[in-house]
Amino acid sequence: MNGEGSRRFGEERALGLLRDAGKHLGAMREGLVERALTRGTDRLFTCDSPLGEVYVGVSERGVRLLGRAASPEEFARRYRERFGRLLSWGTDESTRALARRVATALAGEKVEVPADLSGTTPFQRRVLEVVKGIPRGEVRSYAWVAREAGSPKASRAVGTVMASNPVPLVIPCHRVIKNDGTTGNYAFGAEEKVGLLEGEGVPVSELAGSPYLATPTTGIFCHATCPNARRIKPENRRRFRSAQAAIEAGYRPCRVCRPAVAG
Amino acid sequence: MGMENELEAAEYMKSEDLLTRRLADGDPGAPREMVERYHAELYRYAWALLRDGSAAEDAVQEVFERTFTALGRYSKERIEALSLRPWLYRITLNVARNAWRKSRREVPVAETPEPDTRFGGASGSTSGTESRESWMDALEALGRLSERQRVVVTLRYIEDLSYADIAEQTGWPENTCKTLARRGIGRLGVLLSGRSDGEGGS
Chain G
0 MNGEGSRRFG
10 EERALGLLRD
20 AGKHLGAMRE
30 GLVERALTRG
40 TDRLFTCDSP
50 LGEVYVGVSE
60 RGVRLLGRAA
70 SPEEFARRYR
80 ERFGRLLSWG
90 TDESTRALAR
100 RVATALAGEK
110 VEVPADLSGT
120 TPFQRRVLEV
130 VKGIPRGEVR
140 SYAWVAREAG
150 SPKASRAVGT
160 VMASNPVPLV
170 IPCHRVIKND
180 GTTGNYAFGA
190 EEKVGLLEGE
200 GVPVSELAGS
210 PYLATPTTGI
220 FCHATCPNAR
230 RIKPENRRRF
240 RSAQAAIEAG
250 YRPCRVCRPA
260 VAG
Chain R
0 MGMENELEAA
10 EYMKSEDLLT
20 RRLADGDPGA
30 PREMVERYHA
40 ELYRYAWALL
50 RDGSAAEDAV
60 QEVFERTFTA
70 LGRYSKERIE
80 ALSLRPWLYR
90 ITLNVARNAW
100 RKSRREVPVA
110 ETPEPDTRFG
120 GASGSTSGTE
130 SRESWMDALE
140 ALGRLSERQR
150 VVVTLRYIED
160 LSYADIAEQT
170 GWPENTCKTL
180 ARRGIGRLGV
190 LLSGRSDGEG
200 GS
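Chains G and R, in that order, give the protein sequences.
With numbering that gives the first Met the number 0, letter number 29 in the first sequence gets 28, and the count goes up by one each step, no holes.
With numbering that gives the first Met the number 0, letter number 114 in the second sequence gets 113, and the count goes up by one each step, no holes.
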């Protein structure tokens with residue numbers, strides 16, 4: 000073989016081997032990158048919401064942190080400090096599916112979104128689970144949440160849990176209002192809370208000072224946003240400032256929305 | 000030439016610093032880039048340690064899992080102070096050691112059969128191991144090219160990009176890229192025939 004021929008032979012062999020390497024590495028990398036990211040990091044996506052664009056950090060169990068941030072970096076740093084996990088963009092299929100589900104839920108449709116509350120105390124978790132069940136368009140008081148969570152005297156502590164809710168909107172802490180029917184505070188601002196509730200069809204100004212409605216036709220009183228209360232004819236509506244006052248007037252609590260009496 | 004390599008080395012260090020800073024800052028694109036940047040060389044290293052393709056893949060995967068988990072717990076300052084590559088190599092070695100220990104436990108007495116060499120070894124054999132060794136050789140040889148040649152050859156023949164795309168990615172003129180690729184392949188041919196069983200030697 001002459002010099003030229005052997006040179007060409009070597010080059011062709013090199014090219015063939017490089018292509019083999021490319022094929023093998025390509026196939027391996029596709030699986031490896033996603034697997035490494037899925038197991039080693041939590042995933043991040045952004046989502047439109049009534050609060051504007053929010054960042055959403057998810058673990059394999061569900062949504063772990065949701066909030067606004069100046070940048071993805073800022074959100075990921077906060078996440079790392081809170082949970083000790085890196086965030087990477089959620090490019091895998093299961094994160095994409097969850098992102099679609101979250102977007103649907105935040106747009107107001109009734110779909111279940113899994114939340115990962117593993118970073119919270121048992122009390123916090125009980126409270127957050129109760130709040131998760133408050134339907135769109137309805138509100139409940141701090142005292143009610145405390146009672147439903149099995150700690151009827153803890154309504155102030157419920158307020159603290161709401162203030163540090165890691166997954167607002169997914170767990171609708173904006174639907175928890177003060178015992179007198181006024182909307183109270185919100186981590187994103189009191190005005191945002193009013194806007195969110197009005198957007199969900201809650202008659203915010205009607206509720207202030209009279210969060211309970213009763214009707215003499217059945218002798219039952221409800222939270223004013225309970226579907227049963229909304230069916231009461233306008234001329235039969237009796238408004239109450241507290242559950243206690245409704246009881247004293249001879250009404251019994253609704254079995255659907257279970258108003259909390261004294262607490 | 001020597002000067003150019005030094006500059007390239009400095010350039011490389013800078014890009015590694017940049018990646019640690021992005022990881023420290025919380026850039027959600029940084030973890031993926033870390034895997035994409037280091038998985039090939041870590042795979043070669045793991046393969047050299049474990050001599051088995053699927054064990055090497057598992058090892059590399061575990062290396063990234065461990066590094067991500069650790070990075071999640073580190074402070075910003077600690078991440079910034081990391082020398083990423085030596086750290087990754089150290090973790091790869093640890094993972095490989097665990098794999099050795101585990102395989103010893105799993106195969107207590109029955110020895111893995113020695114490769115059969117009675118019929119004169121490799122001649123005409125196209126076993127999976129041999130072809131893997133060959134493309135691994137090619138990757139290894141690729142690592143010995145100058146940085147610019149390596150970048151262009153990798154993008155052209157491993158990533159399968161067009162010269163126009165390569166020029167755009169690197170910022171080098173298209174003709175320069177073609178020249179770098181031609182010279183790189185020439186050099187690879189020499190390197191690879193040097194280590195093949197005498198066939199390409201003159």
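Just so you know, not all the hints are guaranteed correct.
Listed next, the stretches of chain R that the computed footprint assigns to chain G, with coverage defined by at least 3 CB atoms under 8 Å from CB atoms of chain G [claimed, not checked]: (1) 25-31; (2) 64-76; (3) 160-173.
None of these hints come from the bench; they were simulated from the model.
Computed from a predicted model, the values in this text were never measured in an experiment.
We put the CB at the ideal spot given by N, CA and C, even for glycine.
Evaluated hints:
Note: the region 25-31 of chain R has 7 residues with beta-carbon separation from chain G under 8 Å; the three-residue rule is met and the coverage holds. Counting residues of the region 64-76 of chain R whose CB lies closer than 8 Å to any CB of chain G gives 9, so the stated coverage by that chain holds, three being the minimum. Interface restraint, the region 160-173 of chain R with chain G: violated (0 residues with C-beta to C-beta distance below 8 Å; minimum three).
Comparing the model with each numbered hint stated earlier shows that hint 3 is the single one that does not hold.
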